[in-house]
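Take a look at the letters that make up each chain.
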Amino acid sequence: DAGVIQSPRHEVTEMGQEVTLRCKPISGHNSLFWYRQTMMRGLELLIYFNNNVPIDDSGMPEDRFSAKMPNASFSTLKIQPSEPRDSAVYFCASKDRSLAFFGQGTRLTVV
Amino acid sequence: AQKVTQAQTEISVVEKEDVTLDCVYETRDTTYYLFWYKQPPSGELVFLIRRNSFDEQNEISGRYSWNFQKSTSSFNFTITASQVVDSAVYFCALSEARRDDKIIFGKGTRLHILP
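First to last, the sequence lines map onto chains U and Z.
The first sequence begins at 1 in our numbering and counts up one residue at a time.
The second sequence begins at 112 in our numbering and counts up one residue at a time.
Any given hint could turn out to be false.
Said to hold, decoys possible - Covered stretches of chain Z, as calculated for chain U (at least 3 residues, CB under 8 Å):
#	segment
1	153–167
2	173–179
3	214–221
If you're looking for bench data, these hints aren't it; they were derived computationally from the structure.
Ideal placement from N, C-alpha and C gives every residue a C-beta, glycine not left out.
Put together the whole structure using the sequences plus the hints.
The structure is reproduced here in structure tokens:
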């Protein structure tokens, strides 16, 4: 298995634009997590899914953020409209029992 | 509530010294997992170890060792004879089995190994 795959690796966008981050989890893993990493706040859990169902989205900062998992092999995190303070590295992780494997992250810059 | 505290924000040691990274956790569950992850300068998150709450045995893997003490809610990580390649940010994390295994991370400790 190629591991958790995130795309794009880097994204630069202008304030106000819509941004979509993508994640392909490891096949057979039934949990998927989206994290955001910044210098100030560290690794924050935004949302996680079990069996494609959102379980806890209390970490999603505001209504501009939304996440979907239409099937077991794909998830998206969308920011609309984006703002400069959304600049961060966004990680996706999938979990097998209690062990989580991370993608390489998407570095988002909103100018 | 779940909480992980890594009080050391940044540590610098000279190569070949031993260094211990502290991790203190809070949980109401009796069944939980503790983790350490390494984030090298390249940015990826690398899994190092998982421990379940019923196994308090210390673990050693090469130059790495972990000390799990439920009495003090701590899961400390020691690197023996540190090397420059150990320079990274190290994260401690907690997952409560009762809460669908949501994984919460500490703020991380940035470790500098000086040549």
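Structure-based check of all given hints:
no.	hint	verdict
1	153–167	holds (count 6)
2	173–179	violated (count 0)
3	214–221	holds (count 6)
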